[in-house]
Structure formats: structure tokens, C-alpha cells
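Student: Sequence:
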Amino acid sequence: MRALLRFKDINSLVKYLSEELNKLLIAKKVIEEELSKDSLVDIIEIDKDGSLTIKRERITEIRGLAEKIDIRIKAINTLLEEIKNIFNDSNYTGIVLLELENGIPSRVLLSQPLTLGEGS
Numbered sequence: 001m002r003a004l005l006r007f008k009d010i011n012s013l014v015k016y017l018s019e020e021l022n023k024l025l026i027a028k029k030v031i032e033e034e035l036s037k038d039s040l041v042d043i044i045e046i047d048k049d050g051s052l053t054i055k056r057e058r059i060t061e062i063r064g065l066a067e068k069i070d071i072r073i074k075a076i077n078t079l080l081e082e083i084k085n086i087f088n089d090s091n092y093t094g095i096v097l098l099e100l101e102n103g104i105p106s107r108v109l110l111s112q113p114l115t116l117g118e119g120s
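Take our numbering: the final residue in the sequence shown is number 120, and no numbers are missing along the way.
No lab work stands behind these hints: they were computed from the structure. Be aware that a few hints might be false.
Straight-line alpha carbon distances no greater than 16 Å define the calculated EDC-like cross-link-like pairs of lysine to aspartate or glutamate that follow [said to hold, decoys possible]:
1. K55 x D42
2. K68 x E32
3. K29 x E57
4. K37 x E20
5. K15 x E57
6. K23 x E61
7. K28 x E67
8. K55 x E45
9. K74 x E19
10. K74 x E101
11. K29 x E67
12. K8 x E67
13. K28 x D70
14. K74 x E33
15. K15 x D70
Distance ranges between label pairs, derived from CB positions [as the list claims (entries may be wrong)]:
16. R58 x R107: 20 to 30 Å
17. L5 x T60: 31 to 41 Å
18. D70 x E19: 16 to 26 Å
19. T115 x L35: 22 to 32 Å
20. L116 x R58: 47 to 57 Å
Keep in mind the model is a prediction, meaning the values are calculated, not measured. C-beta atoms are modelled at their ideal positions from N, C-alpha and C, and glycine is treated no differently.
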């Protein structure tokens, strides 16, 4: 599934990506701590018809979750590095779209021309 998020400028996009990155880093740390304890976790799944399924499993059964978080962390870091390399901390305004594919940032689409905005 693809989704587009719209931002008013580059700084807004960077702020959003940085906040998402911080959330993911916290989640990864918590999961890694719980994996070392072999804790039990409740898994709540929402089916396509809206019904909930709740089950309890050892956290080691959902080890793949940490791998999915790592993929998102790497994608966000790559985008942030590329934005910094291209825009050198300058803030440009225009239409700034973040494309997400299955919840993972995949690319940024920019209107042309972008204009140098406030906060540059």
C-alpha cells in the first residue's frame, strides 16, 4: 500500500522524519530489552473486517518485528542524510511529499521550483 504525506517545507519533513526515527529507536530498545528477558507479550490483531484477535506469545515469536523496525530506521536515516546533503540545512518551501510504501518511507517528491523559505 502506498501513501503520500504532504508537508509545507523541507524543515517540516525533516522534523516529522526525526520524530518518527526517535519513536522507532525507543521501540527497538524496548523490544531488544524484552527479547533478552524472553517476556510474554499480548498481540492484538485487527482483521480486515474490523474484528480483534488477542493472543499471548513469547516475545521471541515476534523477533521479526525488530527486523521490520530496523528496515524503517535505515530508510529514514538514508532520507535524512540525502536531504541534508542536497539542501545543506536550508529550508525550501513548496509542495513536499513523502511517499510511504507499506509504512516505510521510500522517496520524497518536490514541486518545482522550490523557494527558499524562513529558517534557512
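Student: So, for every hint listed, does it hold in this structure?
Tutor: So, going through the hints one by one against the coordinates:
no., hint, in the structure
1, K55 x D42, "6 Å, holds"
2, K68 x E32, "13 Å, holds"
3, K29 x E57, "19 Å, violated"
4, K37 x E20, "26 Å, violated"
5, K15 x E57, "35 Å, violated"
6, K23 x E61, "22 Å, violated"
7, K28 x E67, "9 Å, holds"
8, K55 x E45, "9 Å, holds"
9, K74 x E19, "14 Å, holds"
10, K74 x E101, "14 Å, holds"
11, K29 x E67, "12 Å, holds"
12, K8 x E67, "32 Å, violated"
13, K28 x D70, "8 Å, holds"
14, K74 x E33, "20 Å, violated"
15, K15 x D70, "20 Å, violated"
16, R58 x R107: 20 to 30 Å, "37 Å, violated"
17, L5 x T60: 31 to 41 Å, "34 Å, holds"
18, D70 x E19: 16 to 26 Å, "18 Å, holds"
19, T115 x L35: 22 to 32 Å, "47 Å, violated"
20, L116 x R58: 47 to 57 Å, "53 Å, holds"
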